[in-house]
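K.L.:
Model the full assembly from the supplied sequences, consistent with the hints where possible.
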Amino acid sequence: MIYSDILSNIKTSENSRELLSEIDLLLEGLFKTQDGFEAKLNSISAINSEKLRIAFIKNNISSNKEMIKEYLNLLKVELQKLKTLKLSLAFDASEHTIDNLFVWVIQNLGSGIILDIKKDKTILAGAIIEYEGKYEDLSLRKRLEEVFVTKRDQILNIHVTQNRHSGEKFCNAERTPESFRLIFNI
Amino acid sequence: MTLEPIVFFDLVIATVVLAATLGVLVVSYVKTLEKFKILQETRLTWQKKESDIESEAHKKAVLILQEARSKATKIISEASASQDLLKKTFEEQLKAASLDQAKKLETISEDFLKAYQTTLADLKGNNIKTVSNISKDIEDSTKSELEDFKEILRKETFASQKIVEGKIEEDYKIVEKELETYKAERLKKIEEEIYNIIQNVSKEVLGKTLSLQEHEQLVIDALEKAKKEGAL
Chain X
146 MIYSDILSNI KTSENSRELL SEIDLLLEGL FKTQDGFEAK LNSISAINSE KLRIAFIKNN
206 ISSNKEMIKE YLNLLKVELQ KLKTLKLSLA FDASEHTIDN LFVWVIQNLG SGIILDIKKD
266 KTILAGAIIE YEGKYEDLSL RKRLEEVFVT KRDQILNIHV TQNRHSGEKF CNAERTPESF
326 RLIFNI
Chain L
186 MTLEPIVFFD LVIATVVLAA TLGVLVVSYV KTLEKFKILQ ETRLTWQKKE SDIESEAHKK
246 AVLILQEARS KATKIISEAS ASQDLLKKTF EEQLKAASLD QAKKLETISE DFLKAYQTTL
306 ADLKGNNIKT VSNISKDIED STKSELEDFK EILRKETFAS QKIVEGKIEE DYKIVEKELE
366 TYKAERLKKI EEEIYNIIQN VSKEVLGKTL SLQEHEQLVI DALEKAKKEG AL
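Line order of the protein sequences matches chains X and L.
Read in order, the letters of the first sequence are residues 146 to 331 in this note's numbering.
Read in order, the letters of the second sequence are residues 186 to 417 in this note's numbering.
Treat the hints loosely; a few may be bogus.
When the alpha-carbon atoms are kept at most 35 Å apart in a straight line, the in silico DSBU-like pairs for lysine-lysine are as follows [unchecked claim]:
| # | chain 1 | residue 1 | chain 2 | residue 2 |
| --- | --- | --- | --- | --- |
| 1 | L | Lys388 | X | Lys263 |
| 2 | X | Lys266 | L | Lys413 |
| 3 | X | Lys264 | L | Lys410 |
| 4 | L | Lys374 | X | Lys266 |
| 5 | L | Lys373 | X | Lys196 |
| 6 | X | Lys264 | L | Lys340 |
| 7 | X | Lys296 | L | Lys388 |
| 8 | X | Lys279 | L | Lys410 |
| 9 | X | Lys226 | L | Lys413 |
| 10 | X | Lys266 | L | Lys388 |
| 11 | L | Lys413 | X | Lys228 |
| 12 | X | Lys266 | L | Lys410 |
| 13 | L | Lys412 | X | Lys156 |
| 14 | L | Lys410 | X | Lys156 |
| 15 | L | Lys388 | X | Lys228 |
| 16 | X | Lys263 | L | Lys412 |
| 17 | X | Lys296 | L | Lys412 |
| 18 | L | Lys393 | X | Lys296 |
| 19 | L | Lys410 | X | Lys287 |
| 20 | X | Lys287 | L | Lys358 |
| 21 | L | Lys393 | X | Lys156 |
| 22 | L | Lys393 | X | Lys226 |
| 23 | X | Lys231 | L | Lys388 |
| 24 | L | Lys410 | X | Lys226 |
| 25 | X | Lys231 | L | Lys412 |
| 26 | L | Lys340 | X | Lys231 |
| 27 | X | Lys296 | L | Lys340 |
| 28 | L | Lys388 | X | Lys279 |
| 29 | X | Lys264 | L | Lys358 |
| 30 | L | Lys340 | L | Lys358 |
| 31 | L | Lys388 | X | Lys156 |
| 32 | L | Lys413 | X | Lys296 |
| 33 | L | Lys374 | X | Lys287 |
| 34 | L | Lys393 | X | Lys287 |
| 35 | L | Lys412 | X | Lys279 |
| 36 | L | Lys412 | X | Lys226 |
| 37 | L | Lys412 | X | Lys287 |
| 38 | L | Lys413 | X | Lys287 |
| 39 | L | Lys393 | X | Lys231 |
| 40 | L | Lys412 | X | Lys266 |
These are computed hints drawn from the structure, not numbers from a lab.
Since this is a predicted model, take the numbers as computed values, not measurements.
P.N.:
Right, dumping it as structure tokens:
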């Protein structure tokens, strides 16, 4: 059976969860009445509904409820097999951004992978990437921290010099035994 | 009316039998009455004897009681007389003993008084001498101790002065060292704060000045780098 038309439309883990719950809904109404299944098919998202109708026709199973059931169950299994690429971004990812990232994933990593995107403002820019147990922090925050650690002395030499001079002046003022006797009353 | 001879003989026989029976009964009754009379007399005799014995016993009891009472009265009177005599004797002897003891005590008191006066006179003489000697000893001892005290005080003052000077020098060094440490810590803390401020400002400025396209490009760059490094 052909699932690629439907799976190619699943870009994120959110899309996947949505389709799984819709399949459960369809399976629930499948053997009730013919109208019942149609009603359930109309109640799910338009794009998934359309893709499923086309798939049923292409696989020539529109009139066979048992075949539809088998198709939907296998589709669930295929959905659960999809790999997840987790991305932490500093901004809200728009549909356009998701499309661009998904295209990059297909071109560079192949199909069968979906995106799990979450927002983390503290990373400033870039991304934190998690894939198949690997973790890579490629954020701007991390880069800046590295720069500030490696060039710490250079940065401090510029900004602290003036404070250091004024501090020393203060600390060296009138420190003799006589002055201590007066201060501590001994 | 005529009676049959047999009936007539039967009646005669019955009358004779009845008469005989009646006679036996009368004799028996008379004998019983005589026996009763004898018994009655015997009972009266015993009652009289019992009454006599009782009255005699009563008389004897009264006599015994009278005798006992008289004896008791006699004993009590004799005892009272003895007690009075004993009391009188005791009082006389006590009076005599008291007088004797008073005389003895008076004699002893006079002896003691004489001895006390003698001893007191002796002690008075001795004490005057002792007090005089003690005053002189105290004077000498006080002069000596005062001299020693002056010397010790002079030495202690000198030593204390040295100790205080040493302590001041020591404290001065400690405080100077603490001040140096404090100064270094403060400078280090100031450096840290300046560093953090610069870092935070840099992050804020860099994060906010990027456009959406630049953000997207940085994400793509990150993905490219991750792929190159083998993370993808």
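K.L.:
Against this structure, judge whether each hint is valid.
P.N.:
Tested hints:
Between L:Lys388 and X:Lys263 the CA atoms are separated by roughly 20 Å; this keeps the pair inside 35 Å, and the hint holds. Restraint check for X:Lys266 and L:Lys413: satisfied, since their Cα atoms lie roughly 26 Å apart, inside the 35 Å limit. Taking the CA atoms of X:Lys264 and L:Lys410, the gap is about 20 Å. The hint holds against a cut of 35 Å. For the given pair, L:Lys374 sits about 28 Å from X:Lys266 by alpha-carbon distance, which is consistent with the 35 Å threshold.
The hinted pair formed by L:Lys373 and X:Lys196 fails the criterion: a straight-line CA distance of about 65 Å is larger than 35 Å. Only pairs whose Cα atoms come within 35 Å are accepted, and X:Lys264 paired with L:Lys340 is rejected, the gap being roughly 82 Å. Between X:Lys296 and L:Lys388, the direct Cα distance comes to roughly 15 Å. Compliance with the 35 Å bound is thereby established for this hinted pair. Taking the CA atoms of X:Lys279 and L:Lys410, the gap is about 14 Å. The hint holds against a cut of 35 Å.
Pair hint X:Lys226 plus L:Lys413 holds up; C-alpha atoms about 25 Å apart against a cutoff of 35 Å. Only pairs whose Cα atoms come within 35 Å are accepted, and X:Lys266 paired with L:Lys388 is accepted, the gap being roughly 11 Å. This hinted pair checks out: L:Lys413 and X:Lys228 have alpha carbons roughly 20 Å apart, not beyond 35 Å. Straight-line distance between C-alpha atoms of X:Lys266 and L:Lys410 comes to about 21 Å, which keeps the hinted pair within the 35 Å bound.
Straight-line distance between C-alpha atoms of L:Lys412 and X:Lys156 comes to about 19 Å, which keeps the hinted pair within the 35 Å bound. This hinted pair checks out: L:Lys410 and X:Lys156 have alpha carbons roughly 22 Å apart, not beyond 35 Å. As the CA atoms of L:Lys388 and X:Lys228 are separated by approximately 33 Å, the hinted pair is consistent with the 35 Å bound. Between X:Lys263 and L:Lys412 the alpha-carbon distance is near 20 Å, which keeps this suggested pair within the 35 Å criterion.
Simply put, X:Lys296 and L:Lys412 have alpha-carbon atoms about 28 Å apart, close enough for the 35 Å limit, and the pair holds. A distance of roughly 23 Å separates the Cα atoms of L:Lys393 and X:Lys296; the hinted pair therefore holds under the 35 Å criterion. Between L:Lys410 and X:Lys287 the CA atoms are separated by roughly 14 Å; this keeps the pair inside 35 Å, and the hint holds. Between X:Lys287 and L:Lys358 the alpha-carbon distance is near 46 Å, which puts this suggested pair outside the 35 Å criterion.
Taken as a hint, the L:Lys393 and X:Lys156 pair is honoured in the structure, with Cα atoms around 28 Å apart against an allowance of 35 Å. Proposed proximity of L:Lys393 and X:Lys226 is contradicted: the alpha carbons are some 38 Å apart, above 35 Å. For a cut-off of 35 Å, the pair hint linking X:Lys231 to L:Lys388 stands: about 24 Å separates their Cα positions. Between L:Lys410 and X:Lys226 the CA atoms are separated by roughly 26 Å; this keeps the pair inside 35 Å, and the hint holds.
About 14 Å separates the Cα atoms of X:Lys231 and L:Lys412, which keeps this hinted pair within 35 Å; it holds. Distance restraint check for L:Lys340 and X:Lys231: the Cα-Cα separation of roughly 86 Å exceeds the 35 Å cut-off, and the hinted pair is therefore not satisfied. At roughly 64 Å between alpha-carbon atoms, X:Lys296 and L:Lys340 are farther apart than 35 Å, so this suggested pair is violated. Among the hinted pairs, L:Lys388 with X:Lys279 is consistent with the structure: their alpha-carbon atoms are about 26 Å apart, no more than 35 Å.
Between X:Lys264 and L:Lys358 the alpha-carbon distance is near 57 Å, which puts this suggested pair outside the 35 Å criterion. Between L:Lys340 and L:Lys358 the CA atoms are separated by roughly 27 Å; this keeps the pair inside 35 Å, and the hint holds. For the given pair, L:Lys388 sits about 31 Å from X:Lys156 by alpha-carbon distance, which is consistent with the 35 Å threshold. About 27 Å separates the Cα atoms of L:Lys413 and X:Lys296, which keeps this hinted pair within 35 Å; it holds.
With a CA separation close to 23 Å, the supplied pair L:Lys374 and X:Lys287 stays within the 35 Å bound. The straight-line distance between the Cα atoms of L:Lys393 and X:Lys287 is roughly 16 Å, inside the 35 Å bound, and the hint therefore holds. Pair hint L:Lys412 plus X:Lys279 holds up; C-alpha atoms about 11 Å apart against a cutoff of 35 Å. Between L:Lys412 and X:Lys226, the direct Cα distance comes to roughly 22 Å. Compliance with the 35 Å bound is thereby established for this hinted pair.
For the hint pairing L:Lys412 with X:Lys287, the CA-to-CA distance comes to about 18 Å; that is within 35 Å, so the pair holds. For the proposed pair L:Lys413 and X:Lys287, the alpha carbon gap of about 18 Å is at most 35 Å, so the pair holds. Restraint check for L:Lys393 and X:Lys231: satisfied, since their Cα atoms lie roughly 24 Å apart, inside the 35 Å limit. Taking the CA atoms of L:Lys412 and X:Lys266, the gap is near 24 Å; set against the 35 Å cutoff, the hint holds.
Consistency note: the structure conflicts with the earlier hints numbered 5, 6, 20, 22, 26, 27 and 29.
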